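> Sequence:
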Amino acid sequence: MADIIKTYFDAFNAGDTDGMLACLTDDVAHHVNEGNVREGTAKFAEFCAHMSRCYKETLTDMVIFSNADNTRAAAEYTVNGTYLETDEGLPDARGQTYRLPAGSFFDLRDGRISRITTYYNLSDWIAQVS
1 MADIIKTYFD AFNAGDTDGM LACLTDDVAH HVNEGNVREG TAKFAEFCAH MSRCYKETLT
61 DMVIFSNADN TRAAAEYTVN GTYLETDEGL PDARGQTYRL PAGSFFDLRD GRISRITTYY
121 NLSDWIAQVS
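Terminal number for the sequence shown in full-length UniProt numbering: 130, no gaps in between.
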């Protein structure tokens, strides 16, 4: 089951939103760091469009874990990014680069991802781009 997580992150690194969406259940719950829960693939696609406009990110040093019954998974990785366009309420974008540790937690159902919760240190990111 951890294969779906690898497929999801491979699509992320390729900038392939449709590939990411194919890994999700229709009712996916997306819990973002410092934000509200987004429910459903339409909201997830909107989030991806926003992120692609403001950030260019590649994830490295990926380690994926899953439980024995393949209903939960987690991933730890490094975010390597460039801040492309100012995101509302955040410092001005000037093409700054950043690198920070992050992690995601997943619920899995019927071979797809039904929940994504992502964590990173926002203060660290702000310090790097300020």
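Just so you know, the hints here were simulated from the structure itself, not pulled from any lab data.
In this text, all values refer to a predicted model and were calculated from it rather than measured experimentally.
Virtual Cβ for every residue (Gly too), placed ideally from N, Cα, C.
A hint or two may mislead.
With a cut-off of at most 25 Å between alpha-carbon atoms, the simulated BS3-like pairs for lysine-lysine come out as follows [claimed, not checked]:
#1 Lys43 <-> Lys56
#2 Lys43 <-> Lys6
#3 Lys6 <-> Lys56
Across the chosen pairs, the derived CB separations fall in these ranges [what the hints assert, rightly or not]:
#4 Thr82 <-> Asn36: 21 to 27 Å
#5 Thr118 <-> Thr82: 33 to 39 Å
#6 Asp26 <-> Arg72: 27 to 33 Å
> For this structure, which hints from the list above don't hold up?
Checked against the structure, the hints that fail are numbers 5, 6, while the rest are satisfied.
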